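*Asks:* Those protein sequence lines, which keep their order, are chains A and B. Count along the first sequence from 1, then add 99; that gives the number in our numbering. Count along the second sequence from 1, then add 99; that gives the number in our numbering.
Hint data in this document are derived by calculation from the structure and do not stem from the laboratory. One or more hints might be untrue.
Put simply, identical chains are the same to the list, so a pair is met inside one copy or across any two.
The calculated lysine-lysine pairs, modelled on DSSO-like cross-linking and capped at a C-alpha distance of 27 Å, are [stated by the list, open to error]: (1) K406 with K474; (2) K138 with K653; (3) K650 with K618; (4) K632 with K650; (5) K621 with K541; (6) K127 with K202.
Values in this document were obtained by computation on a predicted structure and should not be read as measured data.
There are 2 protein chains.
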Amino acid sequence: MGNLKYAIGVDFGTLSGRAVIVDIADGKELATAVHEYSKGVIDDYLPGTEIRLEPDWALQDPYDYLEVFKHTIPATLEQSGVDPEDVIGIGIDFTACTMLPTKVDGTPLCFLPDWRDHPHSWVKLWKHHAAQPEANKLNRIAYEKGFGEILDRYGGKISSEWFFPKAWQILDEAPDVYAAADRLIEAADWVVWQLTGVETRNSCTAGYKAMWSKTEGFPPNEFFKALDPSLENIVDEKMMREISPLGARAGELTAEAAEWTGLTPGTAVAVANVDAHVSVPAATVTEHSRMVMIMGTSICHMVVGEKEEIVPGMCGVVRDGILPGLPGFEAGQSCVGDHFQWFVENAVPASYEKEANESGISIYELLEEKAGLQKPGEHGLLALDWWNGNRSVLVDVDLTGMLIGATLLTRAEDIYRALIEATAFGTRMIVETFEANGVPIKELIATGGLPDRNRLLMRIYSDVTGLPIYIPEATQIGALGSAMHGAVAAGAVAGGYDDIVEASVNMARLRRDHYEPNKENKAIYDRIFAEYKLLHDYFGRGDNDVMKRLKTLKADILNVEEGR
Amino acid sequence: MGNLKYAIGVDFGTLSGRAVIVDIADGKELATAVHEYSKGVIDDYLPGTEIRLEPDWALQDPYDYLEVFKHTIPATLEQSGVDPEDVIGIGIDFTACTMLPTKVDGTPLCFLPDWRDHPHSWVKLWKHHAAQPEANKLNRIAYEKGFGEILDRYGGKISSEWFFPKAWQILDEAPDVYAAADRLIEAADWVVWQLTGVETRNSCTAGYKAMWSKTEGFPPNEFFKALDPSLENIVDEKMMREISPLGARAGELTAEAAEWTGLTPGTAVAVANVDAHVSVPAATVTEHSRMVMIMGTSICHMVVGEKEEIVPGMCGVVRDGILPGLPGFEAGQSCVGDHFQWFVENAVPASYEKEANESGISIYELLEEKAGLQKPGEHGLLALDWWNGNRSVLVDVDLTGMLIGATLLTRAEDIYRALIEATAFGTRMIVETFEANGVPIKELIATGGLPDRNRLLMRIYSDVTGLPIYIPEATQIGALGSAMHGAVAAGAVAGGYDDIVEASVNMARLRRDHYEPNKENKAIYDRIFAEYKLLHDYFGRGDNDVMKRLKTLKADILNVEEGR
């Protein structure tokens, strides 16, 4: 390989972007740098205006993304002392679907004075939830007009977070912005465009967020016409039909981008990727039967399969969506770390805070310590982990949380443990659904913020699922995955790799220690999981829609209040 | 009436006894005094020994009851300046079933050196729950052997708290104590015996706790024989068949008791009563259609009827049980004030404690303030109030608490309000069950500790039930009721009253202000109550016995742990 060669990965999160520079030979991280978005998540007023955003809106400023390149890449070069000439490739990953309208040259509409004061000209962040009416209309019309089969790949329902509901919301609420937008594009692809001057569309966001399939392409124009005649040609007018596989080279670094980053013009830039998906090869997974769980505020479950099975209640199955040539499955739980944070902030008594302070540990650690002394089943509680709806396998945002089994002796650590177990049961439900539909799962690979923060949680997940859990060595897994894609974009000829499997074998590693399920605990959890399933189906599959009725009632009450 | 005349009521609670002295003419309280039991509730070690009590045991020392007389009555006389000659009657009320074994002269076995070291010789407090195996056997055998009809008056099930399970436990576990006991008697009747030298048995505890009925008497000897041959003659050997109606004169104060109390020998002493039941006439209720709720850690619901209906799931119906000549119904909820205390101690975050401290109010007041700003239905939650099982109408201690509808936006005050509402739904379930079975309820009269401490709770109860709620003027309602019974024991001829209705008309009063249901809120609660009922029946009537299975699993786990 001669000289040592390096790749840079840039991971764009919800509040900041992070770059790492890694050694191509072994994936070793030499330096990392973070840049926080100056405007963060925009959800109250449009910047520089007094325009109040409606509830459920969440915007970002694309300027912040460019700043990430300008601050983090030079910093990693400086820290590591790597010669820019030896950096052979760059990859990026992004939250998705995070999308924006631009002019034909890629200029975001919100950079233009004419449009800057219009909320719909800004970036709609993944968690912009205001396109729910459009998502509802889309799902209804798809079934009414005979396009239901397209939705099968997505568990039967398109989320309001995805591309076409967001695009349609622009058309519905701001037809002038829609008309002025030459392009509608994922921020992931937009930043690659900024680096290379080339507009590409990656197969991951196209597949998981924009209803594209490798064999079928985008839905037919008649489908979009059925939604709204103005949408009929949205793909040809505002998007692209050519979709680039992951790991492909999107282009080379332009002179301008080289100046921003301190890198050499012509450096290979990989096609964009999504944070969760790019983590899969970085977590050593390039084959079927091994599920990657990105565990943070929520969990993303990623699996590659052998065949493109239809698995009910999944977020999506996309050929080439995670690894080239293989169908990639994505499932998810919308409330995991968020759940524990909610609990600690809202339901742990002052005495625990005092005890934690006295012991010099966090409340999480105190609860983990206390809950860790228990055997499965000892607290007598059972929860449904739907504090933020159910993403998989019920795909229903209107479900809510439930706790059963409380007595006057129930303590905070009991509830805490029950909530952890509930999320583990949610994962087991996903695993079993995959298995029942021809997608085997033999082990779990856990990454994200939670695995290192909560060992009890990992033990419980292993005992509940009966599966071993491995942890990748890399902590910046998304950025590493992006760097690996950068190395593939460069190719073996330049000192990189010819495919992501090769990159993964060389650059990704698991830790030695891992979690093995305890058989005795597993047997107890089998009994409790049977109860979970019973309640899951009772409340989740229409036997008793009390959760939805309470939500409707709540909305009615609040609407009447507003109206006063 | 000549001179002003007075009566004294003594109310024996779980931790202390309280005396009041009241004006016979208008019930006005002149003085009150409390004495805490030196040994309180004995639930760890038998006093003066290293004998460890088993779980679920709860004993008391009868010596503490005598101390109440010796301390409180002289104190009320001194404070009020009343001439003991003008005190014409005494009444007492007690927790029940609180029972003890004595010799034939009334000496408690636990006063005797031979028996003092034996736990079964002490007083078994109402909340001694260790006779559950005997209660289970009794209920099973009653149905198997054709005595099921007797249980109909008690909602189909005898509680482990009641007289015969407790007596049977003595026989089962300590046949020598059982043999040495000449009498088995309610503490209520025992203290009257100590005052008068006369053994009487009151119709209230006999009816509600010892399966006695005015028309049928005690269950037949064959029934007891079916339980255990040694129990065949328990009534004739250890009890009495003569049952005294409430308000009757049990006897007169002995010289010894006059010395303890500072009263005049020969003062009339009423037949004993139970705390909840004695409160009914003190709360102005002497007729049907008005339900008295004693609201504290739990709720006792007391109603007098016109006819002796069988109401499923009630704690009991007893003719003469509350008022002479009328059937008295008792129902209950086992977890009300206890529930809120559990919540505040276990599930309210530190920030609320801080806020309450800064505002100089209690956490309860802070939660009430925050929850009071909401409209019904606004929090989107629903709970089943079974943190301590369900007393009425399901009569099932193995049910547990449930909360549904939680989201990441759920706050402590939301849950607090939902728990209050859950207990109100529990009361509505009881009210509706009465009404559906021929016992109409047109208004509620609330007493006990809660009504003055939590106005939001009262508003919610009124809105949920759709009934007005009145509050008695007297705060020491049990002691007042006892004093009223003392006045009736004395009789009109001595300056008292000839019956409890007359005493109630003269001595009991309601406050002017009361709670009227808000129609709009009631309509919303009707919708939520329909959901409560659905879940109540689903989890409570056998559709899904998950609560019991989780409890069984928990017990299994803990047993295995113990065994290690």
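*Asks:* All the hints need checking, so say for each whether the structure fits it.
*Replies:* Checked hints:
1. Proximity of K406 to K474 under the C-alpha cut-off of 27 Å is found in neither arrangement, the shortest distances being 39 Å within a copy and 53 Å between copies.
2. In this homomeric assembly, K138 and K653 never come within 27 Å of each other (Cα to Cα): the closest approach is 32 Å inside a single copy and 50 Å across copies.
3. Taking identical chains as interchangeable, the C-alpha atoms of K650 and K618 lie at most 27 Å apart only when they sit on different chains, with a minimum of 22 Å there against 40 Å within one chain.
4. Proximity of K632 and K650 under a CA criterion of 27 Å is satisfied in both settings, with 22 Å inside one chain copy and 18 Å between copies.
5. Taking identical chains as interchangeable, the C-alpha atoms of K621 and K541 lie at most 27 Å apart only when both belong to the same chain, with a minimum of 15 Å there against 54 Å between chains.
6. For a Cα distance limit of 27 Å, the shortest separation of K127 from K202 qualifies neither inside one copy, at 39 Å, nor across copies, at 86 Å.
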